[in-house]
Every structure is written in structure tokens, then in C-alpha cells.
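Engineer: Given only the sequences and the hints, what does the whole structure look like? Please build it.
Residue numbers (the numbering used here), protein chains in the order written: chain A, 402 to 580; chain B, -9 to 455.
Hints are computed from structural coordinates only; laboratory data are not their basis.
Just so we're clear, the structure is a prediction, and the values are computed from it rather than from any experiment.
We put the CB at the ideal spot given by N, CA and C, even for glycine.
Be a bit skeptical, because a hint or two may be false.
Covered by chain A, per the in silico footprint, the following chain B stretches (three or more residues, Cβ under 8 Å) [stated by the list, open to error]:
| no. | region |
| --- | --- |
| 1 | 20 to 27 |
| 2 | 224 to 235 |
| 3 | 240 to 249 |
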Amino acid sequence: MLVVLTFLTVDSLNVTRAGGIQVPNYDVINQEIGYANDWSRGFEVPVIGASEPLFGRTYSLPEATELMKLGKAVIQSRACMDCHTFFGNGAYYGPDLTKSWLDPAWSQIWMPMTGAATRGDAMVEFLMHPEQYPTWTRQMPNLHLTRAEAQAVVAYLKWMSAVDTNGFPAHFGRIQTQN
Amino acid sequence: MYRSQRLALRYFAAAITLFGVMTAAGLLSALYYVDSSLLYNVFDFQMAKILHINTLVIWLLMGFIGAVYWFLPRELGREVVGIWLAEVLFWIFCAAVAVVAVVFIFVQYGSSDQFSMWFINQGRKYVEAPRWAAVGIVAVVLTFVYNVTATAWRARRMTGILWVLILDLVPLSVLYLDAFPQITNMSHDLYWWWWLVHMWVEGTWEVLIGCLMAWSLMELMGTSRRIVEAWLYIEVMMVLGTGILGLGHHYFWIGTPQYWLGIGGFFSALEPLPLLGMVVHAVYDAGTHHMKTTNRPAFYWVLAEAFGNFIGAGVWGFMMTLPQINLYSHGTQWTVSHGHFAFWGAYGCGVIAIIYLVLQQTRKAQNFDSRAWKWSFALLNLGLVGMVGGLLVAGITQAIYERAQGGSTLQAFVVASENQWFQSGMYARVIFGLLFAIGYLVLVYDLLVIGKRAAVAQRTQEASA
Ligand code: HEM
Ligand code: HEM
Ligand SMILES: [Fe+2]
Chain A
402 MLVVLTFLTV DSLNVTRAGG IQVPNYDVIN QEIGYANDWS RGFEVPVIGA SEPLFGRTYS
462 LPEATELMKL GKAVIQSRAC MDCHTFFGNG AYYGPDLTKS WLDPAWSQIW MPMTGAATRG
522 DAMVEFLMHP EQYPTWTRQM PNLHLTRAEA QAVVAYLKWM SAVDTNGFPA HFGRIQTQN
Chain B
-9 MYRSQRLALR YFAAAITLFG VMTAAGLLSA LYYVDSSLLY NVFDFQMAKI LHINTLVIWL
51 LMGFIGAVYW FLPRELGREV VGIWLAEVLF WIFCAAVAVV AVVFIFVQYG SSDQFSMWFI
111 NQGRKYVEAP RWAAVGIVAV VLTFVYNVTA TAWRARRMTG ILWVLILDLV PLSVLYLDAF
171 PQITNMSHDL YWWWWLVHMW VEGTWEVLIG CLMAWSLMEL MGTSRRIVEA WLYIEVMMVL
231 GTGILGLGHH YFWIGTPQYW LGIGGFFSAL EPLPLLGMVV HAVYDAGTHH MKTTNRPAFY
291 WVLAEAFGNF IGAGVWGFMM TLPQINLYSH GTQWTVSHGH FAFWGAYGCG VIAIIYLVLQ
351 QTRKAQNFDS RAWKWSFALL NLGLVGMVGG LLVAGITQAI YERAQGGSTL QAFVVASENQ
411 WFQSGMYARV IFGLLFAIGY LVLVYDLLVI GKRAAVAQRT QEASA
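Structural biologist: Take a look at the structure:
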């Protein structure tokens, strides 16, 4: 069993490295990301589209990698995972963040609420001052993120939404928020 | 009494204390779900939950370590080698736990630099403790492994149970090294994180508790060594045969290849079998000895362990281990329902059983019984089963409304969380959690007094006869 597991581990780590078959490279944050049914596999997969700069700029691969490092450090230091799930792992007090980048709530609720012009900026604004933009009774606390930290987290969430997770979560966004 | 056994008693006292902290922190965590304005921006949900699950891991580890320090000198007929080092480390261990708790309560979290990782909070579920404390735990565990192996070496004696135990402690300790790294890629991070969590609770801990229950059955019912060892070997083979690749049930959705859906689903679906084997073993043993025992509390907690392990881990785990179901149950209160049932059944009940077994021997009580243990047994188990039931209802509600129908967006999450069924589950958890907490208090009272009066009465009887 351990021998089999060793082989599968080598293969899995290769498939899931940034730039592997199921996990895109970090500079995918410069592109549009969607989520659509793949009829041959029978579930939804991320769709990488045309170029779409983040925060008004394009990141080189080393820059994007640095940004991801910071994003992950923010996520660990604030223990986001003790309220939220990433790929469904973590805690269940807040919503799953796997496809948060694609959440219709950004354009339908938080962009108007924050007055931000882009989804990315609305996310930064929310993450820096969640107590000012609640959507319901259960609220996210202010975790004292700097602007640079918040931007790094947003970039991280954008990259995560481009990971091929074998169809989890299913039918993301099937119920559309009323607007 | 050996020094090692006195150390065991200290470990048990620390374990039961932390069990109390865990219960209080669990109740607090549950309250945020029914009153979301609670301590907002002062002490938020994530910190209460971190306290809850970290004290959980520590009290169970302390219980296990204490149990081994208790049984080891009996098994080998000699004092544990290097016991002074273990005694010193016990106090360092306690101090470190207290410091980490104070930092979690008052500092809570840092900024995105290495200082936070080393001294405040690493933010990886179950292993949030800062790195300096994790280094301390490594030191305690290494000393412990050294104590066990060196004593067996020096005694020039090995038993089957000891072989299994020692071979198990090596991977158990090595896996803990997983508590240190900071990996940027979330898929890789979770890949390794599950090695720690799954290979502990569904592999190395399961084998460890198997060894401890084997010793307990020998002492409680006088089952012969030949029989318990034969069962132990079979169980260990089956746990490892199914559990190692069963790891795959955590690799369905984290970016890992699709073949894990088949492999993980298949092998983890077989994981309940060894747990069923343990129930059969315990019931068979109890039957052949006509349920006769001089230590009813320990005996009933052993039975609770066998059934709780099978139902909580085996049945509750099986319910959501097939990918077709896990796609919807993944990351909901359904998971929490299983987590509570399994940890309590497999490990909580086991540690309590061993503490009762040990107390009878330290208090030299022939008639080891009380009313209080029955109350605490009933309240703790009823409280836990009630909680788990409420969580199952809440989790199924989420699976339907948030995952299957809603598509897991923020709005779907809110819709499920505001659903009547979900809300009832959250209130049920608080109410049954309170019952559980009362059961805990009765347990502490009983552990303090059980067998003492009987022992005194017995001595006066002997004196007058
Ligand atoms: C004593 C043994 C066990 C313990 C203590 C235990 C505990 C847990 C805990 C605490 C979690 C949640 C982890 C987290 O995300 O924080 C979990 C998840 C899980 N367990 Fe177990 N478990 C045990 C045995 C089993 C068995 C035998 C099975 C299968 C038959 C199983 C199936 C699962 C599955 C499928 C999940 C993932 C849930 C999800 O997708 O969210 N477990 N377990
Ligand atoms: C008074 C009793 C208890 C209450 C009210 C309670 C409450 C809670 C709450 C609210 C959470 C957070 C779940 C979430 O992320 O939404 C939690 C997590 C957890 N608790 Fe408890 N708890 C109690 C007792 C226990 C006991 C006795 C054990 C084990 C022996 C335990 C083990 C765990 C585990 C393993 C988790 C993480 C599970 C997961 O995230 O899937 N708890 N508990
Ligand atoms: Fe598992």
C-alpha cells in the first residue's frame, strides 16, 4: 500500500504543481477565468480566457509568484481557514472560498456597496473593512489587512478559482442573486 | 508504584483539565452560530475554534502518553529508562500549552511575516500552534519514543503489543513534522496536511488505541494475551490495508488527479471493517466473561469506545466517503457531525476508560463503583449523540440547499444557513453541548472520589476482621 501511495504521490504532486495539468501557473491572474461544463468529463472545469489585468496591471511570472507567497502568508497568519474552507477544507463559519473570485455577489452586492469600479478593487475594499460591508447577520471581523496584503489575497483567490477541482463545487452560481 | 506511573497520573490530570478547556471553548464556538454578534471584533469565532480543536489534540495525546507510561513498566517489570527526562519535559509541555493558550487569547494573530509563524499562529487547522511550540512537542514525543524503546531494549524483553506500539510510534512522530512548513501552493499544502490529519486519526492513532485497548482488556477481563494479540495483528493489518489508500477520500477536490475518486472511494469504504472487528472482539470478550468485571465504569467506557469508534468513524464516515455524496457533503456541518462522533468514540471514550482502570489500581478498591459515573456516562454520551444528530440535520440541509441546489455561492451559503432545519441543528448543538458539559463536571467529581470511600470501608473491614 505504501509503495502504491508513493507512486501516486509523485504523480499527484506533479499534476498539482503550479503549471501542472490541473493547477495553472501563478501568472494566470492576468487572464479572465470562467467555470463551465466540460461535456467529456461530465462536470464543470475552469476556463482560462483572454487577458484581463488585475488591479490595472499585468504581472510577470516572478512577480505573480511573490504575490502568491504573500497571499498565502496572509491567509495563514490570519487563520482564514478557521472560518472558511479552501477547496472545501477548513471551517464552516464563513462561505467556501474555492470559487470566491467568481462569486456573483461581488458584482451584484459588493461593487455597488463599495463603489469600486472592478471586482478586484471591491474585494480589496471588503477584505480591509469587512465590518463596513455586511450582507447579512453573520459578519466577517476586521483582520487588519494592509492594502498590499489584501491585494495579494485577492490575487490568490483568483488563482485558486482557476484550479481544476474535478467539479467541486458543483453548479457554482446556479441560483443567481436578484438584482 | 513506578515513577513512570506517577508521571502517568500527572498526564491524566493535565488531560482531564484540558478536556474541560476544550469543552468550554466548544460551547463558545457553538454560540457564535446562534448569536453572530457575540464578541464581534473582540474574540471571534476562529479563535474560539482554534482553542477548541488544539486542546482536543493535546488532551488526547496526553491521555495516550500517560496510558503508555502507566502500562509500560507493568509490561516489562522495570522502571522506565530516562524517566527523569520525561518528568522534566512534562512540566515544560504544560507551560508551553499555557503560553500558547495565552497568546491565542490575547494576541490571536500576527501579520504576514515569519515572526507570526514562529511565535503567534500558523493558521493551519489543528496545528495552529506557533513553530516554537511545535518544536517543543517534537521534543516531548521524541523523549517519549526514546523512553519506550530504551526500556524495552534494557529489559531485553519484547511482547507482541510492544512491537506494534513501537513500530507505530515512529510514523506517528514523523508525521507531526508536517506541522511546520509554509507551502504557497494550496493544493500541495492540503495534500501534505491530510497526511498528518488522516494518517494520524485513521492510521497511527487507531493502531495506538488498539494497543491500549488490548492492555485494558487483559487487565479488565483477564482476556489472555494470545487472544488480544491475535486480534490486534488482524486489526492492524486491516486498518493499514484500508486506511493508507483511504487517504484518497480527501483528494477528490483539491486539484489532484481524478483517479483518486475511485481509489479513495473504494479503500475508504472498506475502512469500517476493522472497526467492526473491534466491536466483535470487545463484545465477544465481554460475553465469554459473562460481563463480569470488578471495574464497571472502565468496562462500560471500553464498550463505548468500541461502539463509538465503529459508528462514529465507520458508519458516519462511510456515509459521506463516496465521491458521489462527498461532492455535496464536503465541507459542511455533516463533516463536523462525523468529526465529533469519531473523535469522541474512538479516542475520548478510550482515554476515559483507561483513567478509570488506572484509578481502581491506585486506590486499591475492590468494589469500584459509584452513582456518579453512571450519570456522567449517560450525560456525556447523550450530549454528544444529540449534538451529532443536530449537526447531521444541519449538514444534510447544507448539502441540499447550499451545495446541490444553490451551487455553493455566498448566497447559497446564506440560504442554507437561514434554513429552519439548519438553525434547529445549531440550537440543538448548544443545548446538547450543555448536557455534555454537565456530564464533564460530574466526571471530574467522580474521578476525584470514586473508589476512595470503598477503599476506606474495605480497610476498616479488614482491620475489624
Ligand atoms: C477514528 C477515526 C476517525 C476520526 C477521528 C475521524 C475524524 C475526522 C475529522 C475530524 C474530519 C474533518 C477534518 C477536517 O476537515 O477538519 C474527518 C473528515 C472525513 N472523514 Fe473521518 N475520521 C475517522 C475515520 C473515518 C472513516 C473510517 C471514514 C470513512 C469510512 C472517514 C471519512 C471521512 C471523510 C470522507 C471526511 C471528509 C469530509 C469532508 O469531505 O468534508 N473518517 N474525519
Ligand atoms: C460541549 C461540547 C462541544 C461543542 C458545543 C462543540 C462545538 C464545536 C464547534 C462549534 C466546532 C466548529 C465547527 C465549525 O467549523 O463550524 C467544533 C469543531 C470540532 N470539534 Fe467540537 N464541540 C464540543 C465537543 C467536542 C468533543 C467532545 C470533541 C471530540 C472528542 C470535539 C471535536 C471537534 C472537532 C474534531 C472539530 C473540528 C471538526 C470539523 O471541522 O469538521 N468537540 N466543535
Ligand atoms: Fe480520512
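Engineer: If a hint holds in the structure, say so; if it doesn't, say that too.
Structural biologist: Hints, verified against the model:
1. 20 to 27: holds (count 4)
2. 224 to 235: holds (count 4)
3. 240 to 249: It holds, with 10 qualifying residues against the three required.
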